[in-house]
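*Asks:* Chains as they are written, first to last, in this note's numbering: chain A, 10 to 66; chain B, 46 to 113; chain C, 5 to 958.
Please note: incorrect hints may appear among the correct ones.
[To be verified] Some chain C residues close to chain A (C-beta under 7 Å, calculated; not the full set): (1) G30; (2) L105; (3) S364.
[As the list claims (entries may be wrong)] Here are the computed lysine-lysine pairs in the DSS-like style, where the Cα-Cα straight-line distance is at most 27 Å: (4) C:K125 / A:K44; (5) C:K862 / A:K12; (6) C:K125 / C:K23; (7) C:K334 / A:K44; (8) A:K44 / C:K385; (9) A:K44 / C:K671; (10) A:K44 / C:K127; (11) A:K12 / C:K595; (12) C:K626 / C:K671; (13) A:K45 / C:K323; (14) A:K12 / C:K592; (15) C:K26 / A:K44; (16) C:K368 / A:K12; (17) C:K93 / A:K44; (18) A:K12 / C:K120; (19) C:K127 / A:K45; (20) C:K445 / C:K533; (21) C:K23 / A:K12; (22) A:K45 / C:K93; (23) A:K45 / C:K26; (24) C:K93 / A:K12; (25) C:K864 / C:K533; (26) C:K710 / C:K642; (27) C:K864 / A:K44; (28) C:K592 / C:K671; (29) A:K44 / C:K743; (30) C:K715 / A:K12; (31) A:K12 / C:K598; (32) A:K45 / C:K642; (33) A:K12 / C:K125; (34) A:K45 / C:K122; (35) C:K642 / A:K12; (36) C:K647 / A:K12; (37) C:K323 / C:K26; (38) C:K334 / A:K12.
Hints in this document: simulated from the structure, not taken from any laboratory. Heads up, the beta-carbon is just placed ideally off N, CA and C, and yes, glycines get one too.
Spelled out from the first residue to the last, the chains are:
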Amino acid sequence: MSKAGAIMVLGGGIAGVQTALDLADLGYYVYLVEKKPYIGGVMAQLDKTFPTNDCAI
Amino acid sequence: MTQEGYNPRILGFFCHWCCYAAADSAGVSRYQYPPNVRVIRVMCTGRIDVRFILEAFRCGADGVFTGG
Amino acid sequence: MVEAGRSPNIEILTSATLKSIKGRAGNFTAEVFQQPRYINEDLCTACGVCTMYCPRPIADVYNERLDITRATHIDFPQAIPTSYYIDPKACLRVNYQTCNLCAQTCTAGAIDFSQKPKNMKLKVGSVILAPGFGRVGHDVLEKFGYGRYQDVVTSYEFERLTCASGPTEGHLVRPSDQATPKKIAFLQCIGSRDVTCGNGYCSSVCCMYAIKEASVAKEHEPDLDISLFFMDVRTQGKGFDAARKRAEEKYGLNVIRARVPKIDQIDSKLALTWTTDDGESHSDLFDMVVLSVGLDAPEDAHAIADIAGIELNSYDFCKTSHGAPLSTTKNGIYVAGAFQGPKDIPESVTQASGVAAIASELLKEGRGSQTITVTYPDEDKALEEEEPRIGVFVCHCGVNIAGVVDVKAVRDYAASLPNVAYYEDTLYSCSQDALKAIAQKVKENRLNRVVIAACSPRTHEPLFQETLRSIGLNPALFEMANIRDQCAWVHAQEPEEATQKSKDLVRMAVAKARLLEPLAQPTVDVTQKALVLGGGAAGMTVALSIADQGFETVLVEKSKVLGGNLRKLTWTVDGQDARKILKDLVRKVEKHPKIDVMLDSELESTSGYVGNFTSTISTGGKTEMVNHGVMVIATGGKEYKPKGYCYGESRQVLTQLELEQRIAKGKSGFKTTKNVVMIQCVGSRGEDMEHCSRLCCSQAVKNALKIKELKPDANIYILYRDMRTYGFSEDLYREARQKGVRFLRYTPDNRPEVVKQARGIKVNVYDRLLGEEISIPANLVVLSTGIAPGENENLSKLLKVPLTQDGFFLEAHAKLRPVEVAVDGVYLCGLAHGPKGLEEAVSQAKAAAAKAAIPLVKGKVAVEPIVSRIDKATCIGCGICASLCPFNAIQMVKEGKRKKAETITASCKGCGICASHCPVLAISMGGFTDEEIFAQIHAFSPDGCGEGSEAEKK
Numbered sequence: 010m011s012k013a014g015a016i017m018v019l020g021g022g023i024a025g026v027q028t029a030l031d032l033a034d035l036g037y038y039v040y041l042v043e044k045k046p047y048i049g050g051v052m053a054q055l056d057k058t059f060p061t062n063d064c065a066i
Numbered sequence: 046m047t048q049e050g051y052n053p054r055i056l057g058f059f060c061h062w063c064c065y066a067a068a069d070s071a072g073v074s075r076y077q078y079p080p081n082v083r084v085i086r087v088m089c090t091g092r093i094d095v096r097f098i099l100e101a102f103r104c105g106a107d108g109v110f111t112g113g
Numbered sequence: 005m006v007e008a009g010r011s012p013n014i015e016i017l018t019s020a021t022l023k024s025i026k027g028r029a030g031n032f033t034a035e036v037f038q039q040p041r042y043i044n045e046d047l048c049t050a051c052g053v054c055t056m057y058c059p060r061p062i063a064d065v066y067n068e069r070l071d072i073t074r075a076t077h078i079d080f081p082q083a084i085p086t087s088y089y090i091d092p093k094a095c096l097r098v099n100y101q102t103c104n105l106c107a108q109t110c111t112a113g114a115i116d117f118s119q120k121p122k123n124m125k126l127k128v129g130s131v132i133l134a135p136g137f138g139r140v141g142h143d144v145l146e147k148f149g150y151g152r153y154q155d156v157v158t159s160y161e162f163e164r165l166t167c168a169s170g171p172t173e174g175h176l177v178r179p180s181d182q183a184t185p186k187k188i189a190f191l192q193c194i195g196s197r198d199v200t201c202g203n204g205y206c207s208s209v210c211c212m213y214a215i216k217e218a219s220v221a222k223e224h225e226p227d228l229d230i231s232l233f234f235m236d237v238r239t240q241g242k243g244f245d246a247a248r249k250r251a252e253e254k255y256g257l258n259v260i261r262a263r264v265p266k267i268d269q270i271d272s273k274l275a276l277t278w279t280t281d282d283g284e285s286h287s288d289l290f291d292m293v294v295l296s297v298g299l300d301a302p303e304d305a306h307a308i309a310d311i312a313g314i315e316l317n318s319y320d321f322c323k324t325s326h327g328a329p330l331s332t333t334k335n336g337i338y339v340a341g342a343f344q345g346p347k348d349i350p351e352s353v354t355q356a357s358g359v360a361a362i363a364s365e366l367l368k369e370g371r372g373s374q375t376i377t378v379t380y381p382d383e384d385k386a387l388e389e390e391e392p393r394i395g396v397f398v399c400h401c402g403v404n405i406a407g408v409v410d411v412k413a414v415r416d417y418a419a420s421l422p423n424v425a426y427y428e429d430t431l432y433s434c435s436q437d438a439l440k441a442i443a444q445k446v447k448e449n450r451l452n453r454v455v456i457a458a459c460s461p462r463t464h465e466p467l468f469q470e471t472l473r474s475i476g477l478n479p480a481l482f483e484m485a486n487i488r489d490q491c492a493w494v495h496a497q498e499p500e501e502a503t504q505k506s507k508d509l510v511r512m513a514v515a516k517a518r519l520l521e522p523l524a525q526p527t528v529d530v531t532q533k534a535l536v537l538g539g540g541a542a543g544m545t546v547a548l549s550i551a552d553q554g555f556e557t558v559l560v561e562k563s564k565v566l567g568g569n570l571r572k573l574t575w576t577v578d579g580q581d582a583r584k585i586l587k588d589l590v591r592k593v594e595k596h597p598k599i600d601v602m603l604d605s606e607l608e609s610t611s612g613y614v615g616n617f618t619s620t621i622s623t624g625g626k627t628e629m630v631n632h633g634v635m636v637i638a639t640g641g642k643e644y645k646p647k648g649y650c651y652g653e654s655r656q657v658l659t660q661l662e663l664e665q666r667i668a669k670g671k672s673g674f675k676t677t678k679n680v681v682m683i684q685c686v687g688s689r690g691e692d693m694e695h696c697s698r699l700c701c702s703q704a705v706k707n708a709l710k711i712k713e714l715k716p717d718a719n720i721y722i723l724y725r726d727m728r729t730y731g732f733s734e735d736l737y738r739e740a741r742q743k744g745v746r747f748l749r750y751t752p753d754n755r756p757e758v759v760k761q762a763r764g765i766k767v768n769v770y771d772r773l774l775g776e777e778i779s780i781p782a783n784l785v786v787l788s789t790g791i792a793p794g795e796n797e798n799l800s801k802l803l804k805v806p807l808t809q810d811g812f813f814l815e816a817h818a819k820l821r822p823v824e825v826a827v828d829g830v831y832l833c834g835l836a837h838g839p840k841g842l843e844e845a846v847s848q849a850k851a852a853a854a855k856a857a858i859p860l861v862k863g864k865v866a867v868e869p870i871v872s873r874i875d876k877a878t879c880i881g882c883g884i885c886a887s888l889c890p891f892n893a894i895q896m897v898k899e900g901k902r903k904k905a906e907t908i909t910a911s912c913k914g915c916g917i918c919a920s921h922c923p924v925l926a927i928s929m930g931g932f933t934d935e936e937i938f939a940q941i942h943a944f945s946p947d948g949c950g951e952g953s954e955a956e957k958k
């Protein structure tokens, strides 16, 4: 049986989004499944990030 | 010239990645600031040639703002 | 995030939960349940009118319930999808069939109460679990007065309180009386390193974020007095110690090593009492206390585990092993991010890329079978070359622009500008039907330049450019005037001025548009082969992954055997047999038909750019050329060789790795051992090297426990500065303490001393509790020597990849691009990047393999059209541009007798530093030419200012 070319990523935080982006770049169709009404997860709630104090969004 | 009546025309050169993004952000947060600046977007403040700044003054700018 | 929203191959299903997974690796069927938003994402323009009219207030969860929002809302303006949603629990229409105000006020017609919950069955080859982490329970926080005292807040709440877009617009106030606090305490390890709440592990991120939050608070309120209460300061990440030191010095943060057991309130202040490790008791009053809460397992960990059929570890995180950190106990289901164990952003991003590589190995036969490729019609070159016919579209954006700016006046003003052939105002220019209408008008009127006066090109330019491409126009023939974000929104009280500014911005945009030229969108073919430098654990893992994804790989190893530092390891920190892991890796690499191993070999030179590198490899005097598309640096690091501590003078003084080899030989080596003293941070953290070596603390407790196994009555002392057994290694630290290993903290100004005696050796160390120096006679002194960088300078020069101050390779972005470097097509992993244990090295190697495989999979590299172009006839070959280019994207090539600059378009990022510094104006930037920018400057003046000034001609 041939293998599917689609992948499901559960969770739309920084890890899920990065996985989805890389998988799409690697030639797969991605379903990004997120519980909340928006993606970004906790990182979207952060003001700045250590140690460079870059903006998180 | 009183502070009240002074209405300078300012030309801004904004870096796409930082200052221009920050100016958008200010809008999203509905911060209010005086409407005196007109913006030219560049991909980096490194693009700004000193000739641009001189030309801006020649064209009547009272101030030039570079942000990056 | 925005990229994920735009990719045609990522389908974002929000408000969705996983219900079941059936099938096996390669062919799963996943059932997903999706709640409606009640707002059509495609129609919603995120104008916010519905929130203004919604009568139903609810707590703003995004702002940690510190603010109020409405039943219909968006969490934050940059949210993806950029669409509002209606909270079904709160909405009056959904629950009681009343209200409907939002639907009546939404001019875009986006609100749709007929939406129903959906059940979907998705056929997928693999499932990746990245559900993140959960929150520490309220009961844990209550022990520290949270809920009882208003001014005890969590670190999440504090984050929102210091954020400019937060509920207080970044004004730091304490909740009880809205006054600005003067004195704040941060309490660490809340819900971490605490078996009483069931979380024995270290959350690995709180030390850093507490320092960050304290620094941000000090930026807001420079007079703040901030104390941070740590058990150990665990800033073990790359460059983190240096950042911590800078923050401590710059902001004058008080670092106190103590755990505060509880908090009391005295009048309006919070009273803290604590005991330091010298036995002294202290107490003080604070205005506000921040609880640095740890990362818990996700609330739905058990549900996910049941659905996916995977096992959890004892803390309800996903069960994995150090040799295969991204694999769950079920084939085809993988894990990344905090669900695998508490971790920070760079580690999460690394694992995310790593897990993509693993899924890609599994499904390579299915690759490309389900992806969508967007195609465009050929460009109408003839039309593009005609005299500019500019179309100006002025957007109302509902009331967002039109509520302030007189849009019709701006539209009519545009009509008066030169070359404007068509003008129109549109209600929402970004909506699907408006885009169609714009495309229609452009075609009908044979327009060849388009100006849209609306929001920001940062968010919407790609969308409009896409529309141009879809009708055969080059996307570079497009310009935006930002009359929303940088005009209507920020001058809401000055409609006349805002209208004037809009006219000026449109005039400047049209002036630039007249000069816009189509830009080529070239692609470069990729040599589908990878070169991996370094044959240690990281290098072998990278090579295997790239080869398993289907690409030829050349693995170059300096020594005569594969294995690198892994050869010296006996056990992993989680107790696996390191030698078996090594053997497996070596066997797979040697057997793999797509891997060509070159031992005793080194890289001599490299030329080219992403997709097309040519490298010379020397093997025992002979050289060989290899053509490859990508390259991975996995050259490793080395064990630091200690100076002093009687190392090399006494056979009783060993390094941790040497000890490990002795332990491997069994009991016989410890027959007479009574006292073992381990000294941490030998060479690290400022003694000789500045960095923290990250793995030595776990290594030390691991080996201490091994000795205890072999010789239970041995006395073991570990002399440390901060025990950095982060993550689940904290379990080992606790076990060691329980088994009687003694831990004594020393400070860098009072380091332990190893003294050779007539018979044996002793270690002198200051005992903080006794308040005096003690002498420990030792049979064995073990130095935790950490990781020194390899000989990286040469390779750094060869590849033009910069090093950090500590001598490791510097990644492109510490958080978002942790395995890429400044040079495109070159990737980084393992000890060459910085000190780390096997688990992290493997994740990182997989991540590098994913990133390196991307250009190989695509077969082509797209080149940005806004690159620099050098007019060779004008160029005098001075080389200023090449020396200034931050991306090494300009090379000097010999043409006849002279050198000329040449842009490597594949590497150019379009910053334009070269163009502004070229003394003979030979460099032009696509989309930002001198002429275009001068035209904008002239148009800045309402009367055009004349052309051809002295400055311009220079």
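*Asks:* For each hint, tell me whether it holds in the structure or not.
*Replies:* Hints and how they fare:
1. G30: holds (4 Å)
2. L105: With a minimum Cβ separation of about 20 Å from chain A (threshold 7 Å), the hint on L105 of chain C is violated.
3. S364: Hint holds; S364 of chain C Cβ to chain A Cβ min 5 Å, cut 7 Å.
4. C:K125 / A:K44: holds (17 Å)
5. C:K862 / A:K12: The hint holds at about 20 Å.
6. C:K125 / C:K23: holds (10 Å)
7. C:K334 / A:K44: Roughly 23 Å separates the two Cα atoms, so the pair holds.
8. A:K44 / C:K385: violated (47 Å)
9. A:K44 / C:K671: violated (53 Å)
10. A:K44 / C:K127: holds (19 Å)
11. A:K12 / C:K595: holds (24 Å)
12. C:K626 / C:K671: violated (47 Å)
13. A:K45 / C:K323: Measuring from Cα to Cα gives roughly 25 Å; hence the hint holds.
14. A:K12 / C:K592: Given that 27 Å is the threshold and the Cα spacing comes to 23 Å, the pair holds.
15. C:K26 / A:K44: holds (20 Å)
16. C:K368 / A:K12: Distance of about 8 Å is within 27 Å: holds.
17. C:K93 / A:K44: Distance ~15 Å between K93 of chain C and K44 of chain A Cα, so the pair holds.
18. A:K12 / C:K120: violated (32 Å)
19. C:K127 / A:K45: holds (22 Å)
20. C:K445 / C:K533: violated (47 Å)
21. C:K23 / A:K12: holds (22 Å)
22. A:K45 / C:K93: holds (14 Å)
23. A:K45 / C:K26: holds (24 Å)
24. C:K93 / A:K12: Not satisfied, since the Cα-Cα distance of roughly 41 Å exceeds 27 Å.
25. C:K864 / C:K533: holds (13 Å)
26. C:K710 / C:K642: holds (23 Å)
27. C:K864 / A:K44: violated (36 Å)
28. C:K592 / C:K671: violated (33 Å)
29. A:K44 / C:K743: Violated - the C-alpha atoms of K743 of chain C and K44 of chain A are around 44 Å apart, more than 27 Å.
30. C:K715 / A:K12: violated (53 Å)
31. A:K12 / C:K598: holds (21 Å)
32. A:K45 / C:K642: Roughly 45 Å separates the two Cα atoms, so the pair is violated.
33. A:K12 / C:K125: holds (17 Å)
34. A:K45 / C:K122: holds (15 Å)
35. C:K642 / A:K12: Violated: K642 of chain C and K12 of chain A sit about 42 Å apart, past 27 Å.
36. C:K647 / A:K12: Violated, at roughly 56 Å.
37. C:K323 / C:K26: Within the cut-off at roughly 20 Å; holds.
38. C:K334 / A:K12: Since the Cα atoms of K334 of chain C and K12 of chain A sit roughly 17 Å apart, the hinted pair holds (cutoff 27 Å).
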